[in-house]
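Enquirer: Please build the complete structure, drawing on both the sequences and the hints.
Residue numbers (the working numbering), protein chains in the order written: chain A, 120 to 252; chain L, -18 to 348; chain B, 931 to 1037.
Hints listed in this document are in silico derivations from the structure and should not be mistaken for laboratory results.
Below, in silico cross-link-like pairs of lysine-lysine (BS3-like), each with a Cα-Cα straight-line distance of 25 Å or less: (1) K118/L <-> K158/L; (2) K142/A <-> K188/A; (3) K983/B <-> K166/A; (4) K962/B <-> K118/L; (5) K188/A <-> K73/L; (6) K182/L <-> K938/B; (7) K188/A <-> K157/A; (8) K325/L <-> K230/A; (9) K147/L <-> K1018/B; (10) K118/L <-> K947/B; (11) K39/L <-> K166/A; (12) K193/L <-> K180/A; (13) K272/L <-> K984/B; (14) K942/B <-> K159/L; (15) K165/A <-> K302/L; (16) K962/B <-> K147/L; (17) K165/A <-> K39/L; (18) K165/A <-> K983/B; (19) K938/B <-> K118/L.
In silico negatives: residues of chain B with every beta carbon more than 12 Å from chain L: (20) F955; (21) K957; (22) D971; (23) T976; (24) C978; (25) V993; (26) P996; (27) K997; (28) E1002; (29) P1003; (30) C1016; (31) T1020.
Cβ atoms here follow ideal geometry from the backbone N, Cα and C, with glycine treated the same way.
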Amino acid sequence: MTTNETITVTTDELLEKTALMAKEGYRVVQICALTPFKTDPENPAKKIPLPEFEIYYSFDKGYALTNLKLTVPRDQEIPSISRNFFAAFLYENEINEQFGTKITNIALDFKGTLYKKAKKVPFDVYSRQGGGQ
Amino acid sequence: MSDHHNQQPKRTIVPFGPQHPVLPEPIHLDLVLEDEKIIEAIPSIGYIHRGLELLAEKIEYPEFVSVAERICGICSFIHGLGYVQAVEDILKLDVPTRAKYLRTMWSEFSRMQSHLLWLGLAADAFGFENLFMASWKVRESILDIFEETTGGRVIFNVCQVGGLRKNVETDTLRRIKKDLDAIEIQIRNVCDIFVNDPSTKHRLVGVGILSKEMAHELGAVGPMLRASGIASDTRMLGYAAYSDVKFDIITETAGDCYARVLVRINEIYQSLSIIRQLIDKIPEEQVVYNKPKANPVGESFMRLEQPRGEVVYYAKGNGSKNLERFRARTPTFANIAPMLHVLKGQELADVPNIVLTIDPCISCTER
Amino acid sequence: MAFLPMLKTTLKNLFSKPATRLYPFEKREPYKHTHGHIENDLVNCTYCTLCEKKCPTKAIKVVRDPKTWTIEPLRCIACNICVEICPKKTLVMHQTYSACQTTGKKL
Chain A
120 MTTNETITVT TDELLEKTAL MAKEGYRVVQ ICALTPFKTD PENPAKKIPL PEFEIYYSFD
180 KGYALTNLKL TVPRDQEIPS ISRNFFAAFL YENEINEQFG TKITNIALDF KGTLYKKAKK
240 VPFDVYSRQG GGQ
Chain L
-18 MSDHHNQQPK RTIVPFGPQH PVLPEPIHLD LVLEDEKIIE AIPSIGYIHR GLELLAEKIE
42 YPEFVSVAER ICGICSFIHG LGYVQAVEDI LKLDVPTRAK YLRTMWSEFS RMQSHLLWLG
102 LAADAFGFEN LFMASWKVRE SILDIFEETT GGRVIFNVCQ VGGLRKNVET DTLRRIKKDL
162 DAIEIQIRNV CDIFVNDPST KHRLVGVGIL SKEMAHELGA VGPMLRASGI ASDTRMLGYA
222 AYSDVKFDII TETAGDCYAR VLVRINEIYQ SLSIIRQLID KIPEEQVVYN KPKANPVGES
282 FMRLEQPRGE VVYYAKGNGS KNLERFRART PTFANIAPML HVLKGQELAD VPNIVLTIDP
342 CISCTER
Chain B
931 MAFLPMLKTT LKNLFSKPAT RLYPFEKREP YKHTHGHIEN DLVNCTYCTL CEKKCPTKAI
991 KVVRDPKTWT IEPLRCIACN ICVEICPKKT LVMHQTYSAC QTTGKKL
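Expert: The following block contains the structure:
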């Protein structure tokens, strides 16, 4: 099996890197978000959620998967890559709805109406476990 | 007289779904029409969002396979397999070869029954109900094979982290291989009608064309991509036992609904050939389980080929019995953007055909 | 190009016996490994509560004192995990599915 490669980026590099990848013929596979945890120093079995989001952008070219990993604090705005990869609009809408990230300028923005759900940001572990405001 | 020429043609908005006789699962589209031609389509999903990914925090990782399998009823086995492979990749666990062969065999049977189900629905969409019944009748013989080997017709509960829960004896496999000849004749009778009948061609040829460049740019996957001329199949990555069998990637160049039907029909025949190769080559050793020794720590991306396209699983473990995050990106999610593009400029009567041609599995899309 | 290709299938269906069974007069035989419903031998059961811990849907409820073992059949997903881990092998998976209720009493 081909191995996957992960590159860490910052929000400033994101747009230029994805523009370059679009020119080289990559295709966007998926965009995934998660809440990173850290171990509690007093109790090693317990994990505390950090007030950040880690977002993985996965691209594929010729069966090789390249991931871009982006770590942002909770309230920072992230530019959308849908101007380079139109197909990314659905994934970014989903992450905005489930986690409460602030991805702006999405090509087709549903503004919170994509999924019909009871809680506003159901996957947001940090606010659910009582951390922060 | 002059303002009669300057008038804009009237636009109407027709809602399609969530209840529609042709849709297996609910999806809503707002179609903006001018006369009978579609200008644009605005999707609205979320009718069966169950939030299954959140259950990973509550259910321990060996039992989570049951949840992963229930993401979808048609492609259930490959969801379970993808989850199990992602966790085994984190644990760096080796699976016995016989388990890999049996998993591949069940994946290929899953592909066959999913394509036969879709062929029936496609026939129903353009009004050929007799053919719909005939396709599903053939599908019953494959579901009987599943029940005999795994215990379930639709949800199998046979994958676990480290291998399989059940073994299948080699005598049963040889008998199944003999039965496949009769099943192939029935499949050929049904599929020849799709290929040769003038009424199917009349409804499907030239409808919903997706060009090669747009298919790549919009991120299409699966038969939707291969029918537009791009040869890309995730089975070439060689997971499970796919590196031990020989098969080609099936492509067509026309990019319309008829080409997608042909790709799926040829994939059924190809699956039969792969299953026969597997049964011939399966190793004699009867071990199918390798117990994991520790909890998973780390993360992994795993890509598989479902009947509808490429599916991506992401799993992250932190040493406890529950996984920290589990994510499945299903192929219909990626095919929605090409579907919206293909709908532009088509007629209203062709909308059910085009929506069905991406093989929509909306319960996978929303999990 | 074939002429009326569906005609062959239609005529064959017209003159052969139907594909359906006349249930309930003719019942379908399940296979040896079919997952139907769970039953427990309460005489030999040791009430070790392993089946309750491993059940993914928490359908089994075991109480050690007084000794009771109950299962909610509508919650059970017939996954066979409890049968495989039972140390005394008192749990058995029967091949017939849980039949419909005809009276109003609770199971």
